[in-house]
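Trainee: Each chain is listed here by its residues.
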Amino acid sequence: MDNILTIFKREFLGYFRSPVAYVFLIVFLLASVGLSWFVGGFFDSNEAGLTPLFSFFPWVFVVFIPAVGMRLWAEEKKYGTWELLFTLPISPAQAVIGKFLAAWIFLIVAVSLTLTMVITVSVLGDPDWGLILSGYIAAFLMAGAYLSICSLMSALTNNQVIAFVLGLITCLIIVLAGWSIFNNMISFLPTLLLDTIANFSFIPHYYDATQGVITFNSFIYFVTITAFALLVNIVVLER
Amino acid sequence: MIEAKHLIKDYGTFRAVNDISFKLEKGDVLGFLGPNGAGKSTTMKMLTGFLSPTAGKVSIGDIDISENPIEAKKQFGYLPENCPLYNEMTVIEFLENIAEFRGFRTPAEKGECVEKVIETCYLDNVRYRPIDALSKGYRQRVGMAQAILHDPPYLIMDEPTDGLDPNQKQAVRDLIGSMASEKAIILSTHILEEVEAMCNRVIIIDQGNIIVDETPSDFRKRHPEFNAIELEMDASLKEQANKALTSLDCVKEVKNVDNILRIIPKDGQAIDAEIIKLTSSKKWKIGAFSKPQARLERVFQELTQNEEE
Chain A
0 MDNILTIFKR
10 EFLGYFRSPV
20 AYVFLIVFLL
30 ASVGLSWFVG
40 GFFDSNEAGL
50 TPLFSFFPWV
60 FVVFIPAVGM
70 RLWAEEKKYG
80 TWELLFTLPI
90 SPAQAVIGKF
100 LAAWIFLIVA
110 VSLTLTMVIT
120 VSVLGDPDWG
130 LILSGYIAAF
140 LMAGAYLSIC
150 SLMSALTNNQ
160 VIAFVLGLIT
170 CLIIVLAGWS
180 IFNNMISFLP
190 TLLLDTIANF
200 SFIPHYYDAT
210 QGVITFNSFI
220 YFVTITAFAL
230 LVNIVVLER
Chain B
0 MIEAKHLIKD
10 YGTFRAVNDI
20 SFKLEKGDVL
30 GFLGPNGAGK
40 STTMKMLTGF
50 LSPTAGKVSI
60 GDIDISENPI
70 EAKKQFGYLP
80 ENCPLYNEMT
90 VIEFLENIAE
100 FRGFRTPAEK
110 GECVEKVIET
120 CYLDNVRYRP
130 IDALSKGYRQ
140 RVGMAQAILH
150 DPPYLIMDEP
160 TDGLDPNQKQ
170 AVRDLIGSMA
180 SEKAIILSTH
190 ILEEVEAMCN
200 RVIIIDQGNI
210 IVDETPSDFR
220 KRHPEFNAIE
230 LEMDASLKEQ
240 ANKALTSLDC
250 VKEVKNVDNI
260 LRIIPKDGQA
270 IDAEIIKLTS
280 SKKWKIGAFS
290 KPQARLERVF
300 QELTQNEEE
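Those protein sequences? They're chains A and B, same order as listed.
Going left to right, the first sequence walks through residues 0 to 238 as numbering that gives the first Met the number 0 numbers them.
Going left to right, the second sequence walks through residues 0 to 308 as numbering that gives the first Met the number 0 numbers them.
Incorrect hints may appear among the rest.
[What the hints assert, rightly or not] If we take Cβ atoms under 7 Å as the criterion, some of the chain B residues that face chain A in the derived model are:
no., residue
1, Ile-69
2, Asn-96
3, Phe-100
Everything labelled a hint here was simulated from the structure, so no lab data went into it.
Here a beta-carbon is modelled for each residue, glycine too, at the ideal position from N, C-alpha and C.
Okay, chain A solo, but in the shape it has when bound (with noise of 0.2 Å):
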């Protein structure tokens, strides 16, 4: 536990060392907020919610998570450290727990940011607060499983830019599993098999979350999802 947090330490820290964490936070906000108003119409929908935000979550974060994720263990690669790492007396279960850890605190901090739509919808309406917090623990969890893939994908190179395409291509598929337009384009499938595809995307599970029905299912999608990420990451960096 004390070695999960040293390295929480360092990692969490080590973001606001560079001014890349400032820019990606500031990309971040304006690319999920920009969406919403621009795309997604929030103004003229009429509505005190925050739906229009969420429902480009999962697209927003198939480019930005990849981009946090693709560093935690390609870099270490790249620069030796992982020999400094992974000969002090810590276990590589530890190692890649702490390092999920700090950037996904990181990135809850960035979908905190958007907490200012909040600010707007409740002074210009009167907004269900339990469509939002399910809403945002819904975005917090899927950040996670995102991250815990784009960990695996930087941990089977030592190129960010190879880790940052494969952990793009790897969460563009599951979502696009469960996206409506190309579940019809495949609608010849039966109709289990169309199912089970879909069950296994992101989007289902997230947006029945965002819809203020957090089921245990979906619950249980997300921290499986990312426990099983994080152990084959283990698993890979034992050597």
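Given the structure of chain A, go ahead and fit chain B onto it with the hints provided.
Mentor: Just chain B, lined up with the frame of chain A:
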């Protein structure tokens, strides 16, 4: 003690390390030599548990590193090749972070051990500098500092003096020398004079095999001209002297190099007394009498090049 038992490492079909065994006790400083690609770094990575061996066993102070890696890793400090460090951190941040991993968690404990290595490794004036702004010499010292921070009984260093200037090299040697009596130290290097200066044991590996494992002075005896003596004398005497010297029982050969007679003994024995006796009885006028140090580079070259053929 550090013990390696029948270590083997295969990369695909390539055998990088082929059945290496050795044992090291407290007070030993082991110099690990070998041409590039001989398997030095691979062996060190297996000793430190970073790579798991294809076969064989590593024990650090009676703890098997594959069975109990965490406990084993507490026992040693390691300076990896090329000295990888977290570049974006400052020296003090980095050392404090390492101190936490080493179990010094309260600010007082942490401060104490970090201050101690900052002093031993002369890092005081760069403590707040980011590591990527440091010169190679300072980087290497930071790497050294993190390795000795918890005062481990064992030290494993992969090319600790690589890329340093002569003064810095001397400083690192002095540091290692000052710790030698209470620790077991393994270091790899290309520089043979370093082995002489610091080590009481030398292992040479070539193509994954140990080809030499002995003390530096025994190693020196392998030199074909070990204990040779050089005489400088008047040119007119040379012919006569050459004959007289060659006829001595203990002399294998006399060479005339650049007007200096080089007398090579049989079996590397010491022949100083015999030569002095002979020269004084013959009343030769000697310009200079010297006993050149046998160069270890030469021995190293012969050993490792023969292997290649």
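Trainee: Next, verify each hint and record whether it holds.
Mentor: Status of each hint after checking the structure:
no. : hint    : in the structure
1   : Ile-69  : holds (5 Å)
2   : Asn-96  : holds (5 Å)
3   : Phe-100 : holds (5 Å)
Every hint from the earlier list agrees with this structure, and none is contradicted.
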